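K.L.:
Counting in my numbering, the sequence shown runs from 72 upward without gaps.
Mixed in with the good hints, there may be bad ones.
For lysine-lysine, the following DSS-like pairs were computed, each having C-alpha atoms within a straight-line distance of at most 27 Å [claimed, not checked]:
(1) 278 to 242
(2) 112 to 97
(3) 144 to 251
(4) 113 to 144
Simulated restraints on C-beta separations [unchecked claim]:
(5) 148 to 85: 49 to 59 Å
(6) 118 to 147: 40 to 50 Å
(7) 102 to 147: 40 to 50 Å
By construction, these hints were calculated from the structure, which means they are not laboratory data. As the structure is a prediction and not an experimental result, all values here were calculated from the model. The C-beta atom is built at its ideal place from N, Cα and C for all residues, glycine as well.
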Amino acid sequence: MLAHSPAAAPKERVLSPLLHFREGEKFVERELWNSFRPLIKKRSVHRAAVALAYAAQRAFTSSLLEKGEEALKAIDEANESAIVLIGRPYNLSDPGLNMGIPSRLRRDYGVNVIPMDFIPSANVEIAPLNDNMFWAYGRRILQTALWSGKRANMHLIYLTNFKCGPDSYLKTFAAKGALKPFLTLQFDAHAGDAGMMTRCEAYLDSKGLLRWWR
């Protein structure tokens, strides 16, 4: 795909396209082309690569939602509750950042744990909470909070980082949407997991989710 590797000044070797994903696939393709043009022989090859990338992302997103629907159906049929994790994808998915707490909630306490990417909340209207939420993940966090607020058996845990400005702003609106108290776990790469798990236990107990365990 790469036509050549041009000898250029250091600043010209760094590709830094400005991508506006909200504008759609064609717009993103054009923005990428403006940066990659010196390296690619044919634009048709570039368009095909972008189309494949979008198709792969759609397939992945669909697979997450499909698994989420299966899990939610099983939870409802068993008359059980679940913990819904909200936050940035790196906090939800990286056990190095979240200290493996999502897995431990399931392994140690047997609670159902569902990350927000598995929740079908894309069509939830957030205007009643915030009609000017321009952060993409901010929108998803609020959508999931509202979705969970309509379901008595869904309880939130918000995973965030020390001094994350956007999250400190979002939590106020998430609390209004959730309609019930939720737990916030703030990671800073210094605190150990013992204190975090103690807070999780207290939260699960307050929701009545540790009674069977005791």
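K.L.:
Each of the hints needs a verdict: does it hold here or not?
P.N.:
Now the hints, each set against the structure:
1. 278 to 242: Roughly 20 Å between the alpha carbons, so the hint for residue 278 and residue 242 holds.
2. 112 to 97: 19 Å, holds
3. 144 to 251: 22 Å, holds
4. 113 to 144: Violated, because 47 Å separates the two Cα atoms, which is more than 27 Å.
5. 148 to 85: 49 to 59 Å: Given a distance of about 53 Å, which is inside 49 to 59 Å, the answer is holds.
6. 118 to 147: 40 to 50 Å: For residue 118 and residue 147 the Cβ distance comes to about 43 Å; the hint holds.
7. 102 to 147: 40 to 50 Å: 43 Å, holds
Hint 4 alone, counting from the list given before, is not met by this structure.
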